[in-house]
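Quick mapping for you: the protein sequence lines, in order, are chains C and Y.
Residue numbering for the first sequence is 222 to 473, as defined by the numbering used here.
Residue numbering for the second sequence is 3 to 269, as defined by the numbering used here.
Just so you know, the hints here were simulated from the structure itself, not pulled from any lab data.
Where is the CB? At the ideal position from N, CA and C, for every residue including glycine.
A hint or two may mislead.
Stated by the list, open to error - As a list, the in silico DMTMM-like pairs of lysine to aspartate or glutamate whose alpha-carbon atoms are at most 20 Å apart:
id, chain 1, residue 1, chain 2, residue 2
1, Y, Lys52, C, Asp357
2, Y, Lys189, Y, Asp89
3, C, Lys238, Y, Glu32
Said to hold, decoys possible - Taking beta-carbon pairs under 8 Å as the criterion, some of the chain C residues facing chain Y (in silico):
id, residue
4, Ile228
5, Ile231
6, Lys238
7, Lys311
8, Thr313
9, Leu314
10, Pro317
11, Arg320
12, Gly350
13, Gln354
14, Asp357
15, Pro360
16, Leu408
17, Glu472
Below are the chains, spelled out letter by letter.
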Amino acid sequence: MGEIMSIIYILWLRQLKRYSRSRARVLASLAQPLLFLFAMGFGFGPTYQKAGNGSYIQFLAPGIMAMAILFSAMFSGIEILWDRQFGFLKETLVAPVARIQIVLGRTLGGATVAMIQGMIVFCFCLIAGFRIQHYDLLPVAVVFMFLIAMLFTAVGTTVGSLVEDMQAFPLVMNFLVMPMFFFSGALFPVANLPRVLKGVLRLNPLTYGVDGLRGALSHGFVFGLGADLVCLGMATAMLLGVGNYFFSRIEV
Amino acid sequence: MTPGKVIVAHNLVKTFKDFRAVDDISFEVEGGKIFGFLGPNGAGKTTTIKMLTTTLPPTAGTILLDGNDPQKAPLAARRSFGIVFQDPSLDGEMTAGENMTLHAVLYGVPKGERAGRIEAALKFVGLWDRKESFAKTFSGGMKRRLEIARALLHTPRILFLDEPTLGLDPQTRNHVWEYIQTLAREKAMTVFFTTHYMDEADRVADEIAIIDRGKIVARGTPEALKENANAATLEEAFISLTGHAIRDEPATARDRTRTMGRLWGRS
Numbered sequence: 222m223g224e225i226m227s228i229i230y231i232l233w234l235r236q237l238k239r240y241s242r243s244r245a246r247v248l249a250s251l252a253q254p255l256l257f258l259f260a261m262g263f264g265f266g267p268t269y270q271k272a273g274n275g276s277y278i279q280f281l282a283p284g285i286m287a288m289a290i291l292f293s294a295m296f297s298g299i300e301i302l303w304d305r306q307f308g309f310l311k312e313t314l315v316a317p318v319a320r321i322q323i324v325l326g327r328t329l330g331g332a333t334v335a336m337i338q339g340m341i342v343f344c345f346c347l348i349a350g351f352r353i354q355h356y357d358l359l360p361v362a363v364v365f366m367f368l369i370a371m372l373f374t375a376v377g378t379t380v381g382s383l384v385e386d387m388q389a390f391p392l393v394m395n396f397l398v399m400p401m402f403f404f405s406g407a408l409f410p411v412a413n414l415p416r417v418l419k420g421v422l423r424l425n426p427l428t429y430g431v432d433g434l435r436g437a438l439s440h441g442f443v444f445g446l447g448a449d450l451v452c453l454g455m456a457t458a459m460l461l462g463v464g465n466y467f468f469s470r471i472e473v
Numbered sequence: 003m004t005p006g007k008v009i010v011a012h013n014l015v016k017t018f019k020d021f022r023a024v025d026d027i028s029f030e031v032e033g034g035k036i037f038g039f040l041g042p043n044g045a046g047k048t049t050t051i052k053m054l055t056t057t058l059p060p061t062a063g064t065i066l067l068d069g070n071d072p073q074k075a076p077l078a079a080r081r082s083f084g085i086v087f088q089d090p091s092l093d094g095e096m097t098a099g100e101n102m103t104l105h106a107v108l109y110g111v112p113k114g115e116r117a118g119r120i121e122a123a124l125k126f127v128g129l130w131d132r133k134e135s136f137a138k139t140f141s142g143g144m145k146r147r148l149e150i151a152r153a154l155l156h157t158p159r160i161l162f163l164d165e166p167t168l169g170l171d172p173q174t175r176n177h178v179w180e181y182i183q184t185l186a187r188e189k190a191m192t193v194f195f196t197t198h199y200m201d202e203a204d205r206v207a208d209e210i211a212i213i214d215r216g217k218i219v220a221r222g223t224p225e226a227l228k229e230n231a232n233a234a235t236l237e238e239a240f241i242s243l244t245g246h247a248i249r250d251e252p253a254t255a256r257d258r259t260r261t262m263g264r265l266w267g268r269s
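Let the sequences and hints guide you as you build the complete structure.
Here is the structure:
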């Protein structure tokens with residue numbers, strides 16, 4: 222048991238070390254969420270306010286935190302591609318270790334990195350004028366951050382296990398990550414959307430993550446805390462299973 | 003240390019669709035011996051190494067590594083060998099010491115022994131004073147040495163080396179082979195290697211098998227092989243056994259996008 226924990230721990234630690242040593246990566250993956258926060262937040266703020274919905278930053282900030290976690294988590298998962306190209310993946314795959322331990326270590330590491338990124342964006346949100354409404358729900362917000370981080374690290378792991386080519390990366394960004402972000406209710410309220418769009422949003426697991434974060438930090442829950450937790454939690458569990466399945470089938 | 007057969011491959015077959023990459027080969031390697039596995043590109047060398055090192059399931063046949071069947075007991079089989087891959091497999095963003103520690107944990111080296119073994123292994127390859135350096139700053143030869151040191155950490159009985167001297171200068175190549183010979187001698191380690199440098203195989207191998215088109219076409223000591231082929235050098239013997247034709251090997255997606263990897267000390 223102790224041995225299993227130390228294997229998971231060392232792989233978790235590796236992800237964190239790689240993150241803390243790559244300043245370029247920290248900056249690059251913060252740039253986009255911050256751009257959205259400041260450009261959209263202040264750009265649409267007045268219009269949003271005139272429509273009678275209150276502060277747009279107050280609405281937008283949890284969505285941008287979710288975005289930062291989504292991007293960073295996907296990137297961590299897809300790091301498998303880099304490890305494959307630089308050969309390090311082989312070192313872990315021929316080790317006398319069950320693959321699920323490798324997946325767990327990597328995923329927890331990636332998710333931790335994603336949560337750190339989310340926290341950094343959270344600080345910027347505070348600078349931009351975001352104010353926490355429910356301090357007692359902060360732990361709930363952390364749970365949602367963790368679930369979003371785990372879910373999308375697992376998605377990244379799945380993608381990274383299935384494609385061999387770094388060239389697939391822009392495809393993944395454009396056809397998976399960006400649509401998931403835009404159709405999650407991170408940028409606009411779900412309430413009065415056209416039926417079809419609403420349906421799409423309800424199929425997207427990130428929608429529940431964004432709603433959960435927003436519910437815990439500022440506005441109320443649209444779907445309810447329970448529904449958000451169940452939907453996001455189930456999606457996370459499922460994707461962890463899928464990620465583990467495809468990772469265990471990698472041949473080197 | 004029993005001198006019995008440490009590596010046993012029996013009627014090994016691997017087919018990909020209708021292509022027989024490895025076609026019913028059998029061989030045994032005795033403990034403490036250095037075994038050279040030679041063959042032209044695409045002959046089935048790497049496929050065989052992959053099967054021996056548990057990363058590819060054979061279509062038919064059996065393998066025993068220090069008594070462990072990689073199919074039935076992959077974890078025990080993996081613990082019995084160390085491997086230096088053809089391509090680098092270090093994490094360049096981590097230091098030499100961190101690469102070693104990670105390996106020690108993955109292979110279940112007891113916590114109390116880790117530091118001592120890492121120090122001994124790094125000293126053995128002359129990299130102890132560079133343990134704080136990032137692996138990406140190492141030259142091709144240093145990376146190879148680090149990989150050899152890493153492969154020794156869990157004191158395996160078998161060491162697999164897939165073209166360990168590829169892309170290294172003659173000085174480093176000699177150095178690497180010296181280490182390997184010392185290992186076989188002093189630690190009674192069984193060494194299984196592939197190479198395209200026939201002079202190296204001739205110099206260090208106790209026994210050689212030549213594989214071509216998935217079949218073993220010759221086996222024996224370097225002297226016996228030369229004698230049988232009536233050749234002055236092992237290279238001549240090799241060419242007389244495998245012909246002059248140049249072989250093609252299909253590139254994988256990884257090769258195609260390996261531009262970054264090529265920066266790793268390969269010209």
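Failing hints, ascending? Structure breaks hints 1, 2, 3, 11, 12, 13, 14, 15 and 16.
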